[in-house]
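Protein chains: 2
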Amino acid sequence: MSTTFAALADPTRRAILARLTHGPATVTELAAPFAMSGPAISKHLRVLEHARLISRGREAQWRPCQLDAGPLREVADWAAGYRRFWEKSFDRLDEYLEELQGKRKEVTGPKKGKVHAKKR
Amino acid sequence: MSTTFAALADPTRRAILARLTHGPATVTELAAPFAMSGPAISKHLRVLEHARLISRGREAQWRPCQLDAGPLREVADWAAGYRRFWEKSFDRLDEYLEELQGKRKEVTGPKKGKVHAKKR
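Protein chains in written order, with this note's numbering: chain L, 1 to 120; chain V, 1 to 120.
Bound-form chain L, shown alone (with noise of 0.2 Å):
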């Protein structure tokens, strides 16, 4: 599971992984959307590789990478496990959303009065 979070912590790496649900891919053509050397794209398709996210092709020449989801199946159930935690949380983030409104209208407040005290 470490592996696999730390495969997961990188956006390009995720952007490759989104890209392989159409479809096998060349690493030029994984390559190609980001403005990255081809080495640095072969090192991200090895982190991805050694995670078992992906595998390549025998083909000598291109090797297309194709996803290889399984890990991912892991990672939605350990993260399914805290399903009722974060329905608490969001409990919490309206229970402060709330509490902000309330502050809000005590910041309007004043205003209302300062206009008030142009009146006088």
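Calculated from the structure, these hints are not laboratory results.
Using N, Cα and C, we set each Cβ at its ideal position, and we do this for glycine too.
Mixed in with the good hints there might be a few duds.
[What the hints assert, rightly or not] Listed below are several chain V residues computed to face chain L (Cβ distance under 8 Å; list not exhaustive):
1. 5
2. 9
3. 10
4. 11
5. 67
6. 69
7. 73
8. 76
9. 82
10. 86
Based on these hints, arrange chain V on the given structure of chain L.
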């Protein structure tokens, strides 16, 4: 998301989150199950706090930690987007295991041959 994944890429930090599902805990309580110094645990807590996965109480001396599972919802949603692909991966794993079983049968073949050779 990168910050969340990076925070989750460590087994101690994931164990801390699991512990906090039982309720808030102090640094001392969190450190207890680990053969780790207070400062080492505090460093992990800072990473989790930075990723908004935990928050800490305001009571100056104890500052109990509590789980904020909100970012884990994002992780779960993100990973769930790959569901149909991991189902594909498992189909491929099935194929691979079948292939492997086929090979195992081939391997047991020659062993029988050896026994046969002794008899000669």
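Quick rundown of the hints versus the structure:
1. 5: With Cβ-Cβ at 4 Å, under 8 Å, it holds.
2. 9: Holds, because the Cβ-Cβ distance from residue 9(V) to chain L comes to roughly 4 Å (cut-off 8 Å).
3. 10: Hint holds; residue 10(V) Cβ to chain L Cβ min 6 Å, cut 8 Å.
4. 11: 6 Å, holds
5. 67: 6 Å, holds
6. 69: 4 Å, holds
7. 73: 4 Å, holds
8. 76: 4 Å, holds
9. 82: Check passed: Cβ of residue 82(V) comes within 4 Å of chain L, closer than 8 Å.
10. 86: 4 Å, holds
Hint violations for this structure: none, all hints satisfied.
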